[in-house]
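Once you have looked at the hints, place chain H on chain L.
As you go down the protein sequences, you meet chains L and H in turn. The numbers in my numbering rise by one with no breaks, and the one at position 150 of the first sequence is 153. The numbers in my numbering rise by one with no breaks, and the one at position 302 of the second sequence is 305.
Check before you lean on any hint, since a few could be wrong.
A pair counts as met if it fits within one copy or between any two copies, since identical chains are not told apart.
[To be verified] Here are the simulated SDA-like cross-link-like pairs (lysine to any residue), alpha carbons at most 25 Å apart as the crow flies:
#1 324 - 388
#2 365 - 296
#3 82 - 463
#4 450 - 5
#5 240 - 319
#6 417 - 83
#7 240 - 354
It is worth saying that the hints were derived from the structure and are not from the lab. As the structure is a computational prediction, the values presented were derived from the model and not from experiment.
Protein chains: 2
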Amino acid sequence: MTTIDAVLNSIDANLEAARARLFDLLRIPSVSTDPAFTQHCQTAADWLAQQLVSLGYTADVRATPGHPIVVGHARAKRKDAPHVLFYGHYDVQPPDPLDLWEAAPFDPRLIQGKDGLEIVARGASDDKGQLMTFLEACRAFEANGGLPCHVTFLFEGEEETGSPSLPGFLAANREELSQPDLALICDTSMWNAQTPAITVMLRGLAQEEVIIRGPSHDLHSGMFGGPVLNPIHVLSKIIGDLHDDTGRVTLPGFYDGVPELPQDVADQWRSLEFDEEEFLSALGLTQPGGEAGRGVIEQIWARPTCDVNGVVGGYTGKGSKTVLPAQASAKFSFRLVGSQDPKAVMESFRAFVRARLPADAKVEFLAHGASGALQLPFGSEALARARRALTAEWNKEAVLAGCGGSIPIVGAFKRDLNMDALMIGFALDDDRIHSPNEKYSYTSFHKGTRSWARVLDALSA
Amino acid sequence: MTTIDAVLNSIDANLEAARARLFDLLRIPSVSTDPAFTQHCQTAADWLAQQLVSLGYTADVRATPGHPIVVGHARAKRKDAPHVLFYGHYDVQPPDPLDLWEAAPFDPRLIQGKDGLEIVARGASDDKGQLMTFLEACRAFEANGGLPCHVTFLFEGEEETGSPSLPGFLAANREELSQPDLALICDTSMWNAQTPAITVMLRGLAQEEVIIRGPSHDLHSGMFGGPVLNPIHVLSKIIGDLHDDTGRVTLPGFYDGVPELPQDVADQWRSLEFDEEEFLSALGLTQPGGEAGRGVIEQIWARPTCDVNGVVGGYTGKGSKTVLPAQASAKFSFRLVGSQDPKAVMESFRAFVRARLPADAKVEFLAHGASGALQLPFGSEALARARRALTAEWNKEAVLAGCGGSIPIVGAFKRDLNMDALMIGFALDDDRIHSPNEKYSYTSFHKGTRSWARVLDALSA
Numbered sequence: 004m005t006t007i008d009a010v011l012n013s014i015d016a017n018l019e020a021a022r023a024r025l026f027d028l029l030r031i032p033s034v035s036t037d038p039a040f041t042q043h044c045q046t047a048a049d050w051l052a053q054q055l056v057s058l059g060y061t062a063d064v065r066a067t068p069g070h071p072i073v074v075g076h077a078r079a080k081r082k083d084a085p086h087v088l089f090y091g092h093y094d095v096q097p098p099d100p101l102d103l104w105e106a107a108p109f110d111p112r113l114i115q116g117k118d119g120l121e122i123v124a125r126g127a128s129d130d131k132g133q134l135m136t137f138l139e140a141c142r143a144f145e146a147n148g149g150l151p152c153h154v155t156f157l158f159e160g161e162e163e164t165g166s167p168s169l170p171g172f173l174a175a176n177r178e179e180l181s182q183p184d185l186a187l188i189c190d191t192s193m194w195n196a197q198t199p200a201i202t203v204m205l206r207g208l209a210q211e212e213v214i215i216r217g218p219s220h221d222l223h224s225g226m227f228g229g230p231v232l233n234p235i236h237v238l239s240k241i242i243g244d245l246h247d248d249t250g251r252v253t254l255p256g257f258y259d260g261v262p263e264l265p266q267d268v269a270d271q272w273r274s275l276e277f278d279e280e281e282f283l284s285a286l287g288l289t290q291p292g293g294e295a296g297r298g299v300i301e302q303i304w305a306r307p308t309c310d311v312n313g314v315v316g317g318y319t320g321k322g323s324k325t326v327l328p329a330q331a332s333a334k335f336s337f338r339l340v341g342s343q344d345p346k347a348v349m350e351s352f353r354a355f356v357r358a359r360l361p362a363d364a365k366v367e368f369l370a371h372g373a374s375g376a377l378q379l380p381f382g383s384e385a386l387a388r389a390r391r392a393l394t395a396e397w398n399k400e401a402v403l404a405g406c407g408g409s410i411p412i413v414g415a416f417k418r419d420l421n422m423d424a425l426m427i428g429f430a431l432d433d434d435r436i437h438s439p440n441e442k443y444s445y446t447s448f449h450k451g452t453r454s455w456a457r458v459l460d461a462l463s464a
Numbered sequence: 004m005t006t007i008d009a010v011l012n013s014i015d016a017n018l019e020a021a022r023a024r025l026f027d028l029l030r031i032p033s034v035s036t037d038p039a040f041t042q043h044c045q046t047a048a049d050w051l052a053q054q055l056v057s058l059g060y061t062a063d064v065r066a067t068p069g070h071p072i073v074v075g076h077a078r079a080k081r082k083d084a085p086h087v088l089f090y091g092h093y094d095v096q097p098p099d100p101l102d103l104w105e106a107a108p109f110d111p112r113l114i115q116g117k118d119g120l121e122i123v124a125r126g127a128s129d130d131k132g133q134l135m136t137f138l139e140a141c142r143a144f145e146a147n148g149g150l151p152c153h154v155t156f157l158f159e160g161e162e163e164t165g166s167p168s169l170p171g172f173l174a175a176n177r178e179e180l181s182q183p184d185l186a187l188i189c190d191t192s193m194w195n196a197q198t199p200a201i202t203v204m205l206r207g208l209a210q211e212e213v214i215i216r217g218p219s220h221d222l223h224s225g226m227f228g229g230p231v232l233n234p235i236h237v238l239s240k241i242i243g244d245l246h247d248d249t250g251r252v253t254l255p256g257f258y259d260g261v262p263e264l265p266q267d268v269a270d271q272w273r274s275l276e277f278d279e280e281e282f283l284s285a286l287g288l289t290q291p292g293g294e295a296g297r298g299v300i301e302q303i304w305a306r307p308t309c310d311v312n313g314v315v316g317g318y319t320g321k322g323s324k325t326v327l328p329a330q331a332s333a334k335f336s337f338r339l340v341g342s343q344d345p346k347a348v349m350e351s352f353r354a355f356v357r358a359r360l361p362a363d364a365k366v367e368f369l370a371h372g373a374s375g376a377l378q379l380p381f382g383s384e385a386l387a388r389a390r391r392a393l394t395a396e397w398n399k400e401a402v403l404a405g406c407g408g409s410i411p412i413v414g415a416f417k418r419d420l421n422m423d424a425l426m427i428g429f430a431l432d433d434d435r436i437h438s439p440n441e442k443y444s445y446t447s448f449h450k451g452t453r454s455w456a457r458v459l460d461a462l463s464a
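Next comes chain L alone, as it looks inside the complex:
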C-alpha cells in the first residue's frame, strides 16, 4: 500500500474522532466583532495551538492589536520537500438572529439533511470546518510517517471583521512567513456537491468618488434655469459616456492587460451548463446585460467592469423642488482582471472626467483604494498537481473558478509575502454561511480532508 492510500484509510477510520474535535472547536463562540466574545477568541486560538503542539509541531499564539494570530511550523519527513503556508480563520460571524436557529448555534449537531449528513453550527462551514479538513489531513500523515511538505500554519481571528491586524502582522513577520513557496487557503466553495473547484482568479477593485461642482450655491431653477450649468447633467453625461452600445467600457486603455480565456478554460466553463436564466431570474432579470456576447460566468469571473455604486445631487426628498444644485457626486468602482494596472485605469478615468467638464465645472476626486486582480497562472505546476489530486478524489475535473469579488488576504499574501495562493474549499452554496443554521456537509468534511491529503501528496511528488 502506498503512503497516500494508508493516509486516506487513516482519515476514513478516524472520521468520527475528527468530527468530535471539530465539535470541540465549534463549541467555542469565537465571534470576532463583539467585544463580549473576546475571551472566546483567545480560547479558540489556544485550542488550535494546542492541536498543532499535540501533533508535534511548534506553535504559538501571538498577540496583535486585535485578536491573536496562531503561527505553527511543521517539518516534512523529506528535508527538500516543498513548503506551503496554510491559512484559515477561527473567528465566526455573530449568530444573530438567534430565534431563527433550530438549535443553539454553538452546540454543534450532526443531523440528516436532505442531501446527507450535515454538521450544523455557527462556523461549521465558515471557516472552522474547512480549516479542520487541512489539520486532519496533516494528522493522518503524522500517523503514517510524516508530512510530505513543510507546512507553516497561519490562523487568524479577524477575518470576519476585515482582517485589520493581518497586514501589519505579515509585515512584522515577513522573514518567517515568506519562506513557503505557496499559500493554501480553505475558505471557498465547490462548484456543486459533486464537483470540486480551485479558485484561480480574483478580480481587483479600484474605487473613486467624483464630485462635480457648478454654481457656488443652490439656485432657483426658474430664476436661473438656462444659462447656469447643472452639475447633475455634467455627471450624468460622464456616466453615460463610460459604456458603448455593446456594453464595453470606453475608457482609453481600459482593456490593456485583459486576457482572453485560454481555450481549455473557456471550454470548461461552457461545459458547466450554468443556468443563466435561473441565475438572472433570482435577481428579477430575464437577460444578461453587460458586454455583448460574453456569458454570465465569464463576465463575473474574468471580465472587468465599471459600475456606479451610488449617485446623488440636488433635491432627493418627496415631491418636487425647483432647485439647480451646486454639486452632484457619484461613487465609481472598477473590477479589474488579468494584468490591468489599477493606477493606469484611475489615471485614464480622471482624464476622461476632466475632458468632459464644461467651462466653470470643477471636479474633486476622492480615491477609495485600488488593487489589481490576482491570478494563479493557468500554467502553474502547483495548479496542475492540485487538479490531478482533486480529480482522483472526486472523479470529476476540478473547475478552475474565478471570484468576482476580492479576498483581501489573498492580496495581502501576494503583496506582503510575494506568494501565490491556491484556494481550494469544500463549502456548498447552500451552507447558509453568515446566516442562521449554518451547516457543513459531512461529505465535505470527509472528502475535503481526503482532498488535502491528496493535494499535499501531489505537491511533493
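Showing chain H alone in chain L's frame:
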C-alpha cells in the same frame, strides 16, 4: 388742467397722508403661515375692506378654508369704461430672524437710505406698499370726479403660503370675477430704480420624477457586477442624452411653439446692457452655459429648459460600498415658453425615456404638475397703453420683462377666469423681501401711485 394732471397733483399733495395709511396697514402683523397670527390676517382684510368702503365702493371680507379674501367693486364715471381686476395680497412673510432687524418689523419707519427715503417694515414692498399704490391712485381719481375704469378688487391673504384657497375661490365666484377684461397685478419689480418694467412673459413648468428599476434587490458589485444592469447607468444615459452639444434639448418636438423674440423686444433687451459677467460671478461662474448663442436674459426669460433638480441611487453615505443598486431616480423639470404644450412635452419625454430602456429595466413616472407659459401678447393694445403711461411717468421706456419662474395666481387668472394679466410693480432688487429690514423706496411708493393713475387713465382713453 386735464383730469390726469389734477389726479397727479392730488397724489403729490396727499402723499404724506397716503404714507400714514400704508403705515397703519404695515402695523398689522398679518403673517399667513403662522396660526398665531390668524386674527391679524382677519384684521388686515377688514382694514382693506374698510378702505374700499370709505372710497364709496362695495366691499366684503369673504371666508375661505384659509385666510379671508377681500372682494370689492368700484364703478367708473363712464358706464362704457373698460373693466379691470386689481390683485394684491395683504399677507406677509414671517419676520424671523428678529434679531437681524434694526427696529421692530411691524413698527414701520421712514428713514433716509443710501438712495433716498425708504419705508422699512415687513411687507413694505411685498406686497402692502405695492398694493397701496393702486388704492391711492383710485383715491386720487375719486377726489377728481371718479375712476376712469370699472375696478374689481381682489386681495388675498395666502400668497406667501402658495394661495391654496384662491383657485377654489375663483371657481366658486367665476361669474362675478370674470367680468373684467384684464387683470392688473402689482407684485413685481422695476428693471432698476430709474426704469419701469412690465412683466409680460412667465415661463411654464412641467415636472416629472422618473424611477428606473433593474434587479429586484441591491446586489454585491463583485459577485454580480458585469451581467447585471445598473439603473444608475440607464438613468445617467437618459439624462446625458437630453441635451446636445449646443445646449439644446433633444426631445422630439420640444421646440414646437417656442417663438423667436420680436425684433424690437430683442433690441430692447440687448440695449439693457445687462452685465452677464457680474450676474454669473455672483453665482461663482464665469461663462454662460445653456443654449449656445443666447444671452443670459433671453435664456431665463424667453427660452425653455430641461433641468434635473435631483438624482439619487445606490449608496450615498461616506466612503464606498460595492453595491449594484436596484433603482435610481431623478426629478426632471421643464421650463416652458410661448405656446409649448406641457402635455405634448411630457408625452415626448416619456417616450424618450422608454426608448432608452434596455431589456429588464422598468420605469415609473411620477407627475408633479404641468402648466404652460403665460404670455401677454406683445401686440396687445392694453400693453401699448400701459407702456406709454409708464414712459410718461418715468421718462424711460418700460422694459418688457420676462420671469423665469411661474407666478401661480397669473396662471389661475388665465385658467379659471380666461383673463390676461398686466404685471407692473415698483419693487427694487435690493428691497430685501422675505428678509430682515425689508424696505420699499418712498419714490416707488410715490411714483408707483402716479404710474397707476396714468395706466388707468391710458386704459380708458
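Hints, verified against the model:
{"no.": "1", "hint": "324 - 388", "in the structure": "neither (64 Å within a copy, 38 Å between copies)"}
{"no.": "2", "hint": "365 - 296", "in the structure": "between (38 Å within a copy, 23 Å between copies)"}
{"no.": "3", "hint": "82 - 463", "in the structure": "within (11 Å within a copy, 116 Å between copies)"}
{"no.": "4", "hint": "450 - 5", "in the structure": "within (19 Å within a copy, 114 Å between copies)"}
{"no.": "5", "hint": "240 - 319", "in the structure": "both (19 Å within a copy, 19 Å between copies)"}
{"no.": "6", "hint": "417 - 83", "in the structure": "within (24 Å within a copy, 96 Å between copies)"}
{"no.": "7", "hint": "240 - 354", "in the structure": "both (15 Å within a copy, 20 Å between copies)"}
Going through the hint list in order, the structure does not satisfy hint 1, though it satisfies all others.
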